[in-house]
Each structure stands twice: as C-alpha cells, then as structure tokens.
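Participant: All chains should be built: construct the whole structure from the sequences, respecting the hints.
The listed protein sequences derive, respectively, from chains A and B.
Position one of the first sequence corresponds to residue 1 (our numbering), numbered consecutively onward.
Position one of the second sequence corresponds to residue 794 (our numbering), numbered consecutively onward.
Treat the hints with care, since some could be wrong.
Stated by the list, open to error - Part of the chain B face toward chain A, derived, beta carbon under 8 angstroms: (1) SER1089; (2) ARG1138; (3) VAL1282; (4) ALA1292.
As the list claims (entries may be wrong) - Heads up, incomplete: computed chain A residues facing chain B, CB under 7 angstroms, no partners named: (5) ASP372; (6) ARG405; (7) VAL418; (8) ALA422; (9) VAL697.
None of these hints come from the bench; they were simulated from the model.
Just so it is clear, CB atoms sit at the ideal spot from N, CA and C, and this is done for glycine as well.
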Amino acid sequence: MFLKHTQIAPTMVSKLLTAAEAAARAVPPAFPLDATVAVNPFLGQTGEDLATASARLARVAGAALTPPRAELAAKVRAGIITDDDLVAALIAAPSAYKQWDLAGLKERMHAATPAPQPLPTLADLAARATGTDWPAVIARAFGLWAAGHFDRGQALWTPRPGQSAFAAWRDWASHALTPEIAGLKGFCAHVAEAPDTPERAILRAAEGLGIGPEAAETAFHRLLVDLGGWAMHARWILWQAELNGGSDTTLTDLLAIRLVWEEALLAHAPAVAGDWQAVLAAHAAPLAPTPDQVLDAILQEAAERAHQRGLAGLLTGQVKAGTRPVLQAAFCIDVRSEVFRRALEAQDGRIETTGFAGFFGLPIAHRAPGSDEAEAHLPALLTPALTSSADLSPEAETDLRISARTRRAWGRFRQAAVSSFAFVEAAGPLYGGKLVRDALGLGAKGFALEPAPRIEGGLTAAQKVQTAAAVLRAMSLTEGHARLVLLIGHGAQMTNNPHESAYHCGACSGQTGEVSSRLLATLLNDPETRAGLRAEGISLPADTLFVAGLHDTVTDHITLYLDTPAPDHAADLAQARAWLAAAARAARAERAPRLPGASPAGLMHRAADWAEVRPEWGLAGCAAFIAAPRAATAGRNLQGRAFLHDYDWQQDQGFATLELIITAPVVVASWISLQYYGSVVAPQVFGGGNKLIHNVVGGIGVVEGNGGILRAGLPFQTLHDGERAAHDPLRLSVLVEAPAEVIAAVLEKHPSVRALFDNGWLHLFVLDGGRIAARYRPGLVWESTAAGARKAA
Amino acid sequence: MTDLALSALAPLPLLAASLLFLSRPGRRPGALPRLAEGATLAALACAAGGLVQLLLAGPQMMPLGGTALLRLDPVSVTMALLVAFVGWVVVRYARRYLDGEAREGAFHGLTLAAIAAVLVLVQAASLPVMIAAFVATGLVLRQLLLFYPERAEARRAAAKFIRVWGAGDLALIAAAVLFWKGLGTVDVAGLNAAAALPLSAQVGIGCVVLAAVLKCASFPVHGWLTEVMEAPTPVSALLHAGIINAGGVMLIALAGLVQASPGAMAALVMIGGFTALFGALVMLTQSAVKTALAWSTVAQMGFMLLQCGLGLWALALLHIVAHSLYKAHAFLSSGGAVQTVNAIRRPGPVAVPGPGAVLRSFGLAMVLYGAVAAGFTALAGEKSAQALALGAILIFGVSYLIAQGLADAAPGALTRRTLTASLAAALAYFGFQVVAQAVWGPGLPAAPVPGALEWALIVLALLSFGLVAFAQALFPLWAHHPATAGLRVHLANGLYLNALLDRVIGGFRSPARS
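Facilitator: Here it is in structure tokens:
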C-alpha cells in the first residue's frame, strides 16, 4: 500500500494501525442468532485481572465489571459472605491492591460508589455544545446502514453484495441525507471526499483529531463500543475467517466509519477542541484501577469464595460404585443435565450417568434435509472435519426442496411491493384461524422426527475404529458397559423466541445435540467398529446397545432414536423409557417452582406458548465445573449449577484427555459463565436488552425498538424473573480430579488458557478422592486447602 | 325506546376490568390478568350477540337524549367482532409476555381501555361520539407508547404520534362543526342521507378525508407509525390491527356522504395509491422485521384508502379485516424471524426470472384473471369498472408468484406448485370479494359510474401499479446495479420525511435539553 503522509512518520503509522488492531481485538465476537453460542465478553481482556479490566471498560464503556456494591454488602450482612471469606479474598489480592484490613474493608463496603462514566467521544462533546443528540443520530443512521449491510435475508432489497463494509458505507453515506437534515451540513460531501481505504481513513482521522499512539487504543475501543453489537458481529466475521485460516477487515472498516463521523463533528463544533484535548490526555494515561474498582474486585472474590465454601461442604468424597450397571446414560455437561441425571440415578441404584460435551466428540457440519447449508455442530473453537446429512432418498430430498422453495416463493409473494396487497386480500382472512391456533398454543409441532443422519462419503473401517476409540477414551467410558447405553444430547423446544439457539447445545454451535448423538450411537453399534475396538484394547460387550436420545430442557421429555434395530433389547428399552419418564417427572417438579408462572404439568404448554419470554432458565446459575468420576458428585444436589464432566485420570494415558478437557470444555464453560457474568454486571454493554421490545434484524440479531444498535448477549428476561435475579454473577470454579503437577503442566503448555486462571477469570481446584485438596494461585502455585492434600510445584 | 344492541355493551366489561387495575398497577397483579382475558371474551360475546340481533332484527340505533350514540349494522358489528377478537388475542398474549414487568398491571389496564375506546369508535352513530372515542384512543395509546418513558426514542415516537393523531381529531371536529352548520346534523345516518351539499359540507368532507389520511398514517404524515415499536409487541399488534384502520372505518361509516364529493374521492385515490406504492417500496429495503411490518401497514392502509376512493367500500372493509388478522399475527409472531430468514437461505439460490419469463407470467396472470373473473361474473353478476381495475392490480401481484415458478432455473415441480398457489390465491380473493359484497354491499353505496376524472384515475392507478409490478418481477436483475444504489438509500430512509418531521418537532435534540 502506498500511503502519502506528509506529516505522519512511518513508525507512527504502524503504531496507530497496531492500536486499531488492538482495539478491534478488545471487542468480543457475537454469533448470529440462528446458531448462537455464548462468548466470553472479556475475551480481549483475559490478559488483565478483573480490576484492571474494570478500569478499561469504565473508560471505554462506562461499565462496572462487578455487581453493585450494595448487593455485595447485602450478602455480607446476610452472612452469605463471612468474615473468613473477606479475609481470604484480601489475602489473595495482589499486594499492590492491599489498602485495607478487614475492618477498613467492611467500613468502605457501605460507601456508595458513583456509576462510572465513559470518556466522551467527539459526538458526546458536540452534543453538549450544539444541543443535537449526535450519538443518537449516529446510532440511528449507522444502524440503518448496518442492518442492510449485514442482512442475511430479511429485506428483499439488500445492498449490492461483495463490497467491503467501508466501501459500501461510503456509497450509502454519500447519498443519505439524514445527518444533514439533523444539522450536519456537508456530511455527504465529507464522506465522498474521505480516503478510499479504511487504513487511510483511520490515519487521516487520527491526524486530524490529534489521536496519538498512546491515546489511540482506548480512544478507538471507545468508538467501537459505541457501535455495540454491530462491532461484535464484525468481530465474529473476523473470528470465522481466522478459524478457516483467513482474515477479514470488517471491524477496522467500522472503526474507520466511526472516525469519519468524529472528523465531521469536530469540524461542526470546533469549540469542543479544548475539551477533546483533555479527553485525549485521559486516554493516553496508563490504565490503573481506582481504589473503588479494587475494593469491588475483592468483594467479588469473597462472594466467589463463599460459593466455593458451600461446594467444599458438599464434596465429601467418592462413593463406591457397585457391579455392572443395568443402564448407562451419557449426557451433555450442560448444567441443566445435572438435575435430570440426579433424578434418573434416583430411580434405581443400578443406573449410572456420565457427562461429556454434547457434540460427543464428532467434528460435524450437518446438512439438514432439503438444505444446501452445512451447519456446524461442534464447539465454536473447532472447525468441522466431517459432513453429515440426512439419510434420504433423492426423491424425498427433491420433494423437501420443492416444498421449501414453494414456501419461499409464497413468502416473497407476501413481501414484494405490489403482490403484498394481493396476498393480504387472498390470505389475510385465513390468519384468523392462525391467531386462534397460536393464541391457544395448538400450533407447536415439537421436535421434528428427522431421518437418521449419516456421514457423507462414509468412513473406512479404520476411521470408524479410530474415531470410536478416541471418543470412548475421552468419555472415560472404556470398560464396564451396561447392556443399554444412552447417548443423550439436548435442545430446547420453544415458540417465537429469537434467542432459541442460545438455549440449545453450546457444544453443538447452538444446534440441538440430536445429530451428534445419533451419529455416535450408530457408529458404536456398527459391527466394523466393534471388531476393530478389540484391537485398540477397548472391548465392548456383545450385548451392549447404544441408543441416541434428545433431552428437551424445557419439558424434560427425552426422545429416543432407535436407528439400529435391536429386538433383543426390547425389555431393556421399555424399562429405560419408564425410568426416563419417572425421572422427567421428578426433574420437572424440581425445576418448575423456580420458573415464574410454571407448574410441572404445564411445561409442555410453556414450550408451545408464543408469548413466553422465559421458557426455561437456560444455564442461569452456572457456577462450577467438575471434571471427576461421577462417584465424586453422585447423590449431591448441585442445584443445576455445575457442569459435570466425567474424567478418570487413572485411565488417561499421557493425559491427553485432561489436556482436551482443560483446553476445550473448560474454555467453553468459561465463555458461558462469563457471558452470564457480563450480561448481569454490565447489561448496557454486554446484555441483550429487553425482550419485550426486541426487533429482529437481518436474521442475525435484535435491536431494541425502532432500530439503531444491535444488542448481543443475554436479554434481561433470561437473567431475571422481574422480582429476583436468576443468576448470581460468579466467576466459574473449575474442580479437576487429577494430580496437581499434571494440571500445571497442561496450563504451562497453553498460555492463553493459563491466563484465564492467572488473571482470575476462572478459579481452579484440585480434587483428591472427591474432596477439594488445593487451590490454584497465579504462577502455577498450589495452595493446600485440606489435610492430606498433595503438595505440588 | 329501541332495543338495546348487545354489541353496544362490549366496551363495558373491558372498562370495568380496566378500572380494577388502578389498584394493582404493578408487578404480578394476582388473578387480574386472567380476569382481563375474561373481559375480552365477554366483549367478544357481546359483539357476537350483536350479530345475532342484527340477523334477527336488522340494523338498530341507540340514541341518548337527542343524539345517536351507537349503531348496529353490518359494518359496525363486523368491526366490533374484529376488534374484540384481536383484543382477546392481544390481552391473552400480554398475560404471559408482560409477566414480571414493573408496570404490568398498568399495561393491562391501558390495553383494555384502548380496546374499549376502539369498540366505541367503530360503532359510533354520530360524530361527537366518534370524536370522543378517537380522542380517548389517542390518549390511552400515547400512554402505552410511553410504557418505557425512560427511552428517548419512545418519547419521540409518542410526541409524533400525539401530534398527528391530535391533528386528525381537530380535522374531525372541524368537519363536525361544518356539517352541523351546513347540514344540521352530525349523526352518521343523517349525514349519509344528505341530499344536497352546501359549500361548508363540501369543506367538511375535505376535513374528513384529511382526518382519515392523518389517522391512517398516509404519506406524508406516515412517519410516526414507523417508530412505534418502542412499546411491547402486543401494543404494536393492537395498533396495527385495531387502531390504525380507524380512519378507514370512519370513511366507510360516512361512505354515502364522502362519495357525494368526487374531489374527496379523487384525493383518496391519489393519496392512497401513492402511499401504497411508496410504503411497499420502502418496505423492500427494511431489514428489521417490525420496521418492515410497519412500512407494510403504511402501504396497506394506503391501498385501503385507494379502495375507498374508488368507491369499493365493501372491498375496503374486507381489506381492513384481512389486514388486521394478518398483521396482528405477523407482529405477535415476529420473534420467529430468525428462523424464517434461516429457512430462506437453506434451499439455495432463488431462481431469477428473466424478462421473457416475466412477460409470460403477466400473460398467464391475465388469462387466469379472465377465466376467474368470467366465472365469478357468471355466478355473482356484473362488476363495476373500479372492481375490475382493482382485480387487475391484484392479479399483477399474483403474476409475481407465477414469474418465480417460470424462471429458467426453476424445476418443473416448482413451476406447477407456484401455479397452483397462484390459482388458489386468485380464487381465494375473488371468493372473499364475492362474500364481502354480499355481506356488506347492500348497506354501502355502490361504486359511482366512472366519469372522465374517475377513468383518468383508474388508468393512472393501473399504469403505476402495473409498472411497479413489472419492475418487481425483474427486481433481481436491477436491484444491485450501481445506478440504483442511490435510489435504495433514499427509499430505505423513507425519503427523509420522518427526519424532516424530527427536525420540526425537535426530535434530534439531546434529551436533557428538550
């Protein structure tokens, strides 16, 4: 690229562009709602601790990263947080933060904290100077453009495809007159004269606005925060591109766009230049947490220690397993399965359940019947290696496609300009019937009974064996198989909810776990697989049958998929169905009281109700991740708040499975827990807003009300029942039953995962015999917590 | 005294239930939401009772003192049934949807009051009653739009709404005064029976048309309607299904009077037709589902005013009923847009029809129209020129469905299915039109025999709708051409009329200073 910069030195150019890149990476990705997964909103801040990240987000977003201090103080008053917790949190705080003793802490605890204010943008300053609400004007004008640009099929008339965001916006903004009508004279000309690449636009703006390299990173971050979910959506585009080995510049395009606005507003309100210099000086100042932010971080740590104390009291050692179980059932580690597993085990002492990530280790992209689109069914951190599709005859497939295309043609008929009038006159009266049907909740179809999936191209015998062995080892399920083994994925049945995929399986990229569990069951029942497994040292009893299932987390109903004929297991299946039904009743009885307006029997209706904004609580409440044999947690009521991953370190040769657990399921769980955390403590920045005024945009997300800024994250109604919060914001406590030094070795090998623990975004404990033995401290240090704990490096 | 029309009682259970919420305006007001739904069912039963009375005893009038209060006729009972039905759906929806909101009880109380006011409005037998109901509806709806008063956008939308709505009320008050002076009556029946129209009455009719244009959010005062998604979804459903068409209901109630003024009718055709095309084109560019639905309402209300202007009163009422049911459902189910958009992408690229296919589809559509229209004419008698023109406009729309199936890349099975769907659509709407004409036609004036002005307007409407229909069928061929990029920008911004209105009312000002 040939840049002509008379005043900007090359080193300055590279520093500014590096700052732009850093600002872009400070923004978390937001996945589109058709297949959304939880993302750690602090993905760009994992190299900092909570207090420092608080300082950063206060500067750029006006957000606090801890709950209101009054809430934490109330927990202390109520005795939920004890003095011991406070002292322990104080001791654990970095020495630079130790400004108080216990008494001082408790005294300061009751002082009110002012809400943090973000540093103003030029739009804010210009608004104060001119009386015109420029931030709102930008949000509306930018939101209208972005909605069209990122639209995936809502509008019939979308912008010309194939343009970069910056080029498309220049086209748009040099025509759109709204800013000029609002009073920004000459804006179209200003845009038309803007540099033609985003880099040059950023550099010209930085020069014109006096943004130096020291101020640039947080000044740029500040502007991206103003674009809310749009910036996060652009960050997702970058995420996907990098996952596939490519790159993408949409996010820097958006920064350039926002900077073009800032230039125009400085020219419009030159009187704010003085104030702007002060803002730049504040951006250039090094980031350091205020005493208030440090204090709040310590109180938050104390709240988490209080929770861990409760957990330690519950985990009192392993219970011994008996003889060969009559039924084994593998569930997703999702916290919602904890309730059901407990209920199922309670049906009979000979039932065993295990937990594993709900994609069951198969890296699948699945093509639904009648669809061209292969949708990922695996954790968002991974790329699909296999493609599967429905086992359908070509005729049936064609038939489905023709139906889908006819529906689409009818939909376009409904939407297009002149035909929309014909549509209303021809079909409008029929909607009276649809209104009655949906008002009474009679329209719900339930989970469609899809044809069995199969892997496209098939697998060779060697691949089958290799895949099966890897999955069984990762599940710690290499011996002691029952006659019937259920592999149960999960999904949530609901109606008319834009966030539906957020309730599905996070390990399956926001799809249900049906496809993955059915593929694995078929693979493990395959005689070729069975034959080869013996050579791998895994012997599956000949009478063991694997059956896939799907757990509906709204109704607790479990659908079983009998893809392999098994006449010999009819009795086992009948018994299993009876147990599952009884367990479902127990689970419903446990869950319903927590859901507003629900009764155990009414959950089926809830799934079908098009007006239901809280079909279930999703993963609200999640607070712990336990990787251990089920014996460590069996019989304990973990209240649906723990991810339970079965893991037996003594079977784990070379600790490859431990490495996998710490780098994949633990990271996914941390994303979930921190998404809840961020959505609760900073709802304006990381929350999804109010479902009652959500307006689905472009098929990718929601805006509130008329339009404007995209809202990513969890909506208010998924976190709160109106009277009580449904989620207590706590950073996740990870408990692993394995030798401490082995865990430390895994962390040493994966610095990005280690950063999560070193900076306190996750807590880590070693379990020994089912009891908490040691706590991880930054720098690969273990702090013994109980008698008999192993000492480790 | 006359008999009491049961449908006239429909607002009472709603008002009674609404008052109960005064004591429980907050969160989770016990069994009251269930009671609210019961009240809407009672209102629905009252409206149904009115229908039975109408069938048994014919139209009635409820006077109070000297003035007519409420009326019972096919139009009023249709609207009462429609409003009570949509009211039931909306209140039932809100029972779950609003659960746990800080102002849950207030929401239910206001919603019930709004439905009650609209029930009075659609049955009003005189202008004072109608005006009072309009004012009440506006005041209650404003409070609903301000359900989240902390949102600046909501305050802006409410400010726009109440100004436009209030201007409509003023226009209607002016009309009532003029009618009183010129015709000596403000009763709906008396006005419709007026033989000769003095100048003041002519001006009054102009005011009525102006009021309808304001109430129906026609061009150029449509802006407020595209911004009222700031209130919870059930409010949008109620507004778009029950309230926005009140201007049309008023015109139909005064059909005999309005039709006596060719100028007013011509104005309705021009404003309505333009709004229909304008709104429909803007809708194409909107990527937010509720916003697109709002623009669609602007267009549909314009189309309804066009029907009124053509003197096709029964069809206009059919359009109101059909649109209400469709739009209430569309808003309440708008949360499914994520899945809908996903389903659009799944079957792969859309087959694009070329100019040849589009011409063939128009030809086929005309053949279809000829056959179906001839069939229905044989069954139901001659149609007016206006009705034939309207049928042609609608069949232009159907040609789009046929064109999609005729695209070269479309497989034969798809062609057959879209043709079947086109035939079903054509049969359905001609069927509904026959029913509408049979049910409401006898009580409404017949379309006027077209003179030069009417013919000119008919040709203008046919040409403009035909042109847009042709362009729409060829849409994928030109929509992404750089030459049309600017047009798309201006349309997506609604030709800036809303921004201009914002400028006038201070909608761009910072909240703290306004």
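Participant: Are the hints correct? Go through all of them and say.
Facilitator: Comparing the hints with the structure gives:
| no. | hint | verdict |
| --- | --- | --- |
| 1 | SER1089 | 6 angstroms, holds |
| 2 | ARG1138 | 6 angstroms, holds |
| 3 | VAL1282 | 4 angstroms, holds |
| 4 | ALA1292 | 4 angstroms, holds |
| 5 | ASP372 | 4 angstroms, holds |
| 6 | ARG405 | 5 angstroms, holds |
| 7 | VAL418 | 4 angstroms, holds |
| 8 | ALA422 | 3 angstroms, holds |
| 9 | VAL697 | 4 angstroms, holds |
Checked against the numbered hints above, the structure violates none of them.
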